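Trainee: Here is what each chain is made of, one letter per residue.
Protein chains: 2
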Amino acid sequence: MKRAPTLVDVATRAGVSYATVDRVVNGRGSVAEKSRASVLQAVADLGYIRNVAAANLAQRRIYRFCFIIPEGTNAFFDRVCDIVRAMHPSAGTDPVQLVIERVAAFDPAALAACLTALAERPFDGVALVGLSDAGVDDAIGALRDKGVAVLTMISDMPTPARDAYVGIDNVTAGRTAGALIVLSHGGRAGRVLPIVGALSARDHADRLSGLRETLAPTDLTFAPLIEGLDRHEVVEARLRAALAADRSITAIYSAGAGNAGLIRVVAEMSEAGRRPIVMIHELTPRSRAALEDGLIDVIIDQRPEDEVAGTLTLLRCLADRRPLPQLPQIVPAIYLRENLPAAVDPALLKGSAA
Amino acid sequence: MKRAPTLVDVATRAGVSYATVDRVVNGRGSVAEKSRASVLQAVADLGYIRNVAAANLAQRRIYRFCFIIPEGTNAFFDRVCDIVRAMHPSAGTDPVQLVIERVAAFDPAALAACLTALAERPFDGVALVGLSDAGVDDAIGALRDKGVAVLTMISDMPTPARDAYVGIDNVTAGRTAGALIVLSHGGRAGRVLPIVGALSARDHADRLSGLRETLAPTDLTFAPLIEGLDRHEVVEARLRAALAADRSITAIYSAGAGNAGLIRVVAEMSEAGRRPIVMIHELTPRSRAALEDGLIDVIIDQRPEDEVAGTLTLLRCLADRRPLPQLPQIVPAIYLRENLPAAVDPALLKGSAA
DNA sequence: CCGAAAATGAAAGACGTCTATCAGATATGA
DNA sequence: TCATATCTGATAGACGTCTTTCATTTTCGG
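These protein sequence lines are chains H and E, in that order. So that you can map any letter, position 154 of the first sequence is 154 in UniProt numbering, and since no number is skipped, the others follow by simple counting. So that you can map any letter, position 258 of the second sequence is 258 in UniProt numbering, and since no number is skipped, the others follow by simple counting.
These aren't lab readings, by the way, just hints derived from the structure by calculation. Treat the hints loosely; a few may be bogus.
What the hints assert, rightly or not - Listed below are several chain H residues computed to face chain E (Cβ distance under 10 Å; list not exhaustive):
hint: 1; residue: Gly178
hint: 2; residue: Arg188
hint: 3; residue: Ala189
hint: 4; residue: Arg191
hint: 5; residue: Val298
hint: 6; residue: Ile334
Note that the coordinates shown come from a computational prediction; the quantities given were computed from them, not determined experimentally. Quick reminder that beta carbons are idealized off the backbone N, C-alpha and C, glycines included.
Throw the hints in and build the complete structure from the sequences for me.
Mentor: As structure tokens, then:
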């Protein structure tokens, strides 16, 4: 168990001075091509890896990261904010400073403006919920050109735009929902009503296509899709209309938000004696209550705790210019009445980065 | 944004020298009670927290942790080993050395002996799969008296014995299985055959009680419990006998290991035309294949990646004598045919401690 | 071959903590 | 009051990296 190689070892091996090694690895000053090559060779030979702790100590480095979270009447994103806030103390051992910015949901212009403004501030990394938009792409590009790491969470964007994506596979999530719906029908026929916020939201669209894929070979049919804009009044009104128009619906799958409206409608049906199977996404105080009260049957939760923790891990790697580890895949949790975890006071939550 | 307080600041505030502060916080030499008090007061006033990176740098510290993993014909524990091994590089930024010891499964004497032997080696922490046994308790106590952190994973032990537990709530896992069985029966009657490795294994017993609890208020009845000792031949033989004796079984729930035997039996039934609903635990190459082949219906996986990562996080905290963070609860993943994640080459896996 | 530019080496001080040593101060008991 | 013990302060060198300065060497164009 020999000591890990240091920059001094690299210098010796390369036959140059420490100063030259430093110029190479930290890219400053001018170095002859020959020297640069021999230093890099020595680094490779020795398997040198920078001691990040020592480096951070010397520079009194603070990691500054920004989370851009959609703003709106969306309990899920409030939860994400709570989790990010709870991560502060979790830094514990290392100096991370987290800032949350909230921008209007589904508003590419606002998001792009936010990103542009961020470029003026000294951030090492930015995490945002992906949105497909050329302006956003450009703003991200500008940030990354400045050396700021940018990654998407929850909903992805085209690969080249961001450094990484942390989140669930939404097609698979939709398939999961489909499989559970199939399971709950036990081979009998049925009719499924899908609800999304907007088909332009990639995560919603992905879930829907996963659902379709899974139900295609079965006896289950689809009622016309509802777009609820993630707003509970809209969801409520359109759902009510759809149910009135079609009495044969046996299952409802809501891939987006605005489920308060859905729950109101289902509560009425439930009192009236019969309600369809209901599956929705994201654990929130309201969805939890509905599950406990028997108004809905399944909650598929994307585990934002894991997503935020993974995001932080990757942001740190990117900031250190280290290779990105392959994080364990984030698998959505399936909550039924019987396996709801005890409610956790978010103020007490302290996540783990790693 | 002012600089975090250092020991020099503490010394100044307490009106003593750095040397005295050092004596207090690192508990060496002798210090007058008055000095100790004023130092501690200063620490509290300033909210001093030791800079672990600097401390580790100065001591050239290496964290040495040992994972004790049950040995046997158990693919799940092989997977755990792979994950632990894959964590090595994940250390990445910090100097962690991991050692794996394997001991015979379900053998308290062997486990206790292993723990005792470990006390002679310079470990900072040990993780083991809990086993209820007085000898094991004593061995753990001896280790902890030496200052070694000890925590249980996967299966717990009585609280006072270990420093922490990382793993799923097995009662809830059993309830989950029960709920899915109920769902899949869609209100029809049925008969459930439970299989465990041994009732003396706490995780198995917990799962069974969760299952019983959930099925109690339903129309579903229980066939007599099978104890399969986690060995596939035993499981196969006893299952065959049970199925021959009782043709009315509509679901099988296996809470333990040895599922290769179960799969063989189910494969035959499947070919013969009809098989019951089958739910088992843990994602392994074999169980994955069985799910893909339509021989079983659900795999409940306890996500050992998360368990190992969480274990490492806590071991580090314990080694640093830092307060333990509240890790996000580990929720078992429910895998159906439709949401099986892509198989990951374990050699490529690099986990996140965070 | 000379002058300017480019490349290199040597060194020192910082970051916050650990560890060690040694001299001096205060307290304790006889 | 003296001889011990018990405390305390001052200081210095590590750990591995960053950052800067200054002097020296090499290279190259003209």
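Trainee: With reference to the structure, classify each hint as holding or not holding.
Mentor: The hints, checked one at a time:
1. Interface hint status for Gly178/H: upheld, as the beta-carbon distance to the closest one in chain E is roughly 6 Å, under 10 Å.
2. For Arg188/H, the interface hint holds, since its Cβ comes within 10 Å of a Cβ in chain E; the closest pair sits about 7 Å apart.
3. With 10 Å as the threshold, the beta carbon of Ala189/H stays out of range of chain E, its nearest partner Cβ sitting at about 12 Å, so the hint is violated.
4. A least Cβ separation of about 16 Å between Arg191/H and chain E goes past the 10 Å threshold, and the interface hint is therefore violated.
5. Satisfaction of the interface hint for Val298/H is found here, the shortest Cβ-Cβ separation to chain E being roughly 9 Å, below the 10 Å cut-off.
6. Nearest Cβ of chain E to the Cβ of Ile334/H: about 5 Å, under the 10 Å cut. The hint holds.
Against the hints set out earlier in the document, violations occur for numbers 3, 4.
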